[in-house]
Amino acid sequence: MSKKQHYKITVNGKEEEFLAEPRELLIHTLRERLKITGPHIGCETSHCGACTVTVNGKSVKSCTVFVAQADGTEITTIEGIGSPDALHPLQEAFKEHHGLQCGFCTPGMIIRASKLLEEIPNPSEEEIRFGMAGNICRCTGYQNIVKSIQAAAAEMNSAKEAAE
Amino acid sequence: MIPAAFEYYRPKDMTGVLSLLGEHGDNARVIAGGHSLIPMMKLRMADVPHLIDLQGVGGLDDIELSANSIRIGAMVTQHDIIDHNGLASAAPILREAALQIADPQVRYMGTVGGNVANGDPGNDMPGLMQCLDATFTVVGLDGERDIPARQFYEAAYMTAREDEEVLTSITMLIPAGGYAYEKQKRKIGDYATAAAAVLLTKEGNTCKSASIAMTNLSDIPVYSEEAGAALVGSSLDDTAIKAAVTAVLGDIDPSEDNRGPVAFKKHLAGVILRRAIERAWSRA
Ligand SMILES: Cc1cc2nc3c(=O)[nH]c(=O)nc-3n(C[C@H](O)[C@H](O)[C@H](O)COP(=O)(O)OP(=O)(O)OC[C@H]3O[C@@H](n4cnc5c(N)ncnc54)[C@H](O)[C@@H]3O)c2cc1C
Ligand code: FES
Ligand code: FES
Numbered sequence: 001m002s003k004k005q006h007y008k009i010t011v012n013g014k015e016e017e018f019l020a021e022p023r024e025l026l027i028h029t030l031r032e033r034l035k036i037t038g039p040h041i042g043c044e045t046s047h048c049g050a051c052t053v054t055v056n057g058k059s060v061k062s063c064t065v066f067v068a069q070a071d072g073t074e075i076t077t078i079e080g081i082g083s084p085d086a087l088h089p090l091q092e093a094f095k096e097h098h099g100l101q102c103g104f105c106t107p108g109m110i111i112r113a114s115k116l117l118e119e120i121p122n123p124s125e126e127e128i129r130f131g132m133a134g135n136i137c138r139c140t141g142y143q144n145i146v147k148s149i150q151a152a153a154a155e156m157n158s159a160k161e162a163a164e
Numbered sequence: 001m002i003p004a005a006f007e008y009y010r011p012k013d014m015t016g017v018l019s020l021l022g023e024h025g026d027n028a029r030v031i032a033g034g035h036s037l038i039p040m041m042k043l044r045m046a047d048v049p050h051l052i053d054l055q056g057v058g059g060l061d062d063i064e065l066s067a068n069s070i071r072i073g074a075m076v077t078q079h080d081i082i083d084h085n086g087l088a089s090a091a092p093i094l095r096e097a098a099l100q101i102a103d104p105q106v107r108y109m110g111t112v113g114g115n116v117a118n119g120d121p122g123n124d125m126p127g128l129m130q131c132l133d134a135t136f137t138v139v140g141l142d143g144e145r146d147i148p149a150r151q152f153y154e155a156a157y158m159t160a161r162e163d164e165e166v167l168t169s170i171t172m173l174i175p176a177g178g179y180a181y182e183k184q185k186r187k188i189g190d191y192a193t194a195a196a197a198v199l200l201t202k203e204g205n206t207c208k209s210a211s212i213a214m215t216n217l218s219d220i221p222v223y224s225e226e227a228g229a230a231l232v233g234s235s236l237d238d239t240a241i242k243a244a245v246t247a248v249l250g251d252i253d254p255s256e257d258n259r260g261p262v263a264f265k266k267h268l269a270g271v272i273l274r275r276a277i278e279r280a281w282s283r284a
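Protein chains in written order, with my numbering: chain A, 1 to 164; chain B, 1 to 284.
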């Protein structure tokens, strides 16, 4: 075992400091150490996207990052974009348009979609499917995920227009 | 899926990296995006007692364009390549290939340096860089040296880079003419069953120059000089394309795996190469 090191990461705006072995995977830091259990472990082999979080503005599979690499970063998980009383437009749209069935993939889907809509505020269906290709869903067949993202994009764009 | 324990370092400059590599020899490895190395460490196929993170070293993530050449820092990610409009207009084949690598999350992390240094025959950038006749610059305690991409690969995971050297950048001339990166994969996020990188120039209706490299059809990327030569001077009629395919089939050496048997891979190599040649020609 290598020695524990001191790490500091900011998760959903809150600074977290702790001791951990460098080999700890970021997903385990989030779920087991910090009890932030939104990000899920689907495969733990970089394939399913259930563990996706935003690290310094990038969508990242947190099962494929060592906590040591994440030292000093800012991380956003599903918990950081909305709450049960104030859902993010993507959360609202997934609920309205049946963008989930079992819900296991959903935190990864939504956090990835939030980044996609930052980069492409009004994506075509093709852009959504390509931009969401790192997230696997075993239930929905994706159709309603695409619909939910389109609906959220429309909602966010009209809210932005109204604000201007 | 927890890897064996390691010591982690994040040096602030290349001198720090090189002295750690010098001190720990082949017990040390650098980590860039980690999206090839971490899976290997989790499977305990790579044992890395000393892990040296390149993320704190400055000056490795620039894309520089001059009138006739391109320099890409080793830590430039696949996402950066896709995102860079100047690069996409200077060498659109780079964006076309990068878009066919892995998935969005992996492309934010995976670096060009890691992709070409890794030495995995499944990686797409090595064949691409051979097609572009790129040069890799590596630095060691004795200084820098340049290695042509076409001479870099020795066997799977074996390259001309010494263990104590770090790849710092990739340079190439801005390619002229038509291009295509054509890749057959089982699904998005998969490595190639077969892929072809093709650059062609034309004068009138005659092919003036051709560069062809293939991915994941041997234990190293395959630059086929003979395949290119089969096209030069022709008008890319069926006979010329068939000759190029025959030349490539002579140069590749696929092995059977879960992507299919050898005969299938050879057949597919021909199909993918033909598509790439036709698309590059239509753009020349
Ligand atoms: C699900 C998934 C799908 C993928 N699909 C594809 C695909 O279709 N095509 C494809 O090409 N790749 C694919 N990859 C691999 C991905 O592109 C990797 O990110 C890339 O191969 C390596 O880049 P990296 O920065 O992550 O390197 P790392 O994993 O950090 O390093 C890889 C190796 O290169 C060495 N290295 C890294 N940087 C340097 C340097 N500057 N100098 C010297 N040595 C260095 C490391 O020591 C290590 O041995 C996939 C990965 C995943 C997880
Ligand atoms: S748990 Fe990370 S990609 Fe599946
Ligand atoms: S809703 Fe069940 S995996 Fe996506």
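To be clear, the hints were calculated from the coordinates, so they are not data collected in a lab. Don't take each hint at face value.
What the hints assert, rightly or not - Below, in silico cross-link-like pairs of lysine-lysine (BS3-like), each with a Cα-Cα straight-line distance of 25 Å or less: (1) A/Lys147 to B/Lys242; (2) A/Lys115 to A/Lys147; (3) A/Lys58 to B/Lys266.
What the hints assert, rightly or not - Okay, the calculated beta carbon distance ranges per label pair: (4) A/Cys102 to B/Glu144: 38 to 44 Å; (5) B/Ser66 to A/Glu96: 28 to 34 Å; (6) A/Glu96 to B/Gly250: 54 to 60 Å; (7) A/Glu119 to B/Gly59: 23 to 29 Å; (8) B/Asp47 to A/Glu74: 19 to 25 Å; (9) A/Ala159 to B/Glu162: 55 to 61 Å; (10) A/Lys95 to B/Arg145: 44 to 50 Å; (11) B/Asp47 to A/Glu155: 45 to 51 Å; (12) A/Glu16 to B/Val262: 36 to 42 Å; (13) A/Cys139 to B/Gly260: 52 to 58 Å; (14) A/Lys3 to B/Val262: 47 to 53 Å; (15) A/Lys8 to B/Glu162: 33 to 39 Å; (16) A/Glu74 to B/Gly204: 54 to 60 Å.
Even for Gly, the Cβ is constructed at its ideal location relative to N, Cα and C.
A quick look at each hint next to the structure:
Restraint check for A/Lys147 and B/Lys242: the C-alpha separation of about 45 Å exceeds 25 Å, so the hint is violated. For the hint pairing A/Lys115 with A/Lys147, the CA-to-CA distance comes to about 17 Å; that is within 25 Å, so the pair holds. Simply put, A/Lys58 and B/Lys266 have alpha-carbon atoms about 38 Å apart, too far for the 25 Å limit, and the pair is violated. Between A/Cys102 and B/Glu144 the C-beta distance comes to about 54 Å, which lies outside the given range of 38 to 44 Å.
For the pair B/Ser66 and A/Glu96, the supplied restraint of 28 to 34 Å is violated, since their beta-carbon distance comes to about 52 Å. Remark: the range hint 54 to 60 Å for A/Glu96 to B/Gly250 is upheld by a beta-carbon distance near 58 Å. Range check, A/Glu119 to B/Gly59: Cβ separation about 26 Å, and the 23 to 29 Å hint holds. Our hint of 19 to 25 Å for B/Asp47 and A/Glu74 is violated, since their Cβ atoms are close to 32 Å apart.
Between A/Ala159 and B/Glu162 the CB atoms are about 56 Å apart, so this pair conforms to the stated range of 55 to 61 Å. Between A/Lys95 and B/Arg145, the C-beta spacing of about 58 Å breaks the proposed range 44 to 50 Å. The hinted window of 45 to 51 Å between B/Asp47 and A/Glu155 holds, with their beta carbons roughly 50 Å apart. A/Glu16 and B/Val262 have their C-beta atoms about 52 Å apart, which leaves the hinted 36 to 42 Å range violated.
Range check, A/Cys139 to B/Gly260: Cβ separation about 30 Å, and the 52 to 58 Å hint is violated. Separated by about 49 Å at the C-beta atoms, A/Lys3 and B/Val262 satisfy the suggested range of 47 to 53 Å. Between A/Lys8 and B/Glu162 the C-beta distance comes to about 36 Å, which sits within the given range of 33 to 39 Å. Taken as a hint, the range 54 to 60 Å holds for the pair A/Glu74 and B/Gly204, whose Cβ atoms sit roughly 57 Å apart.
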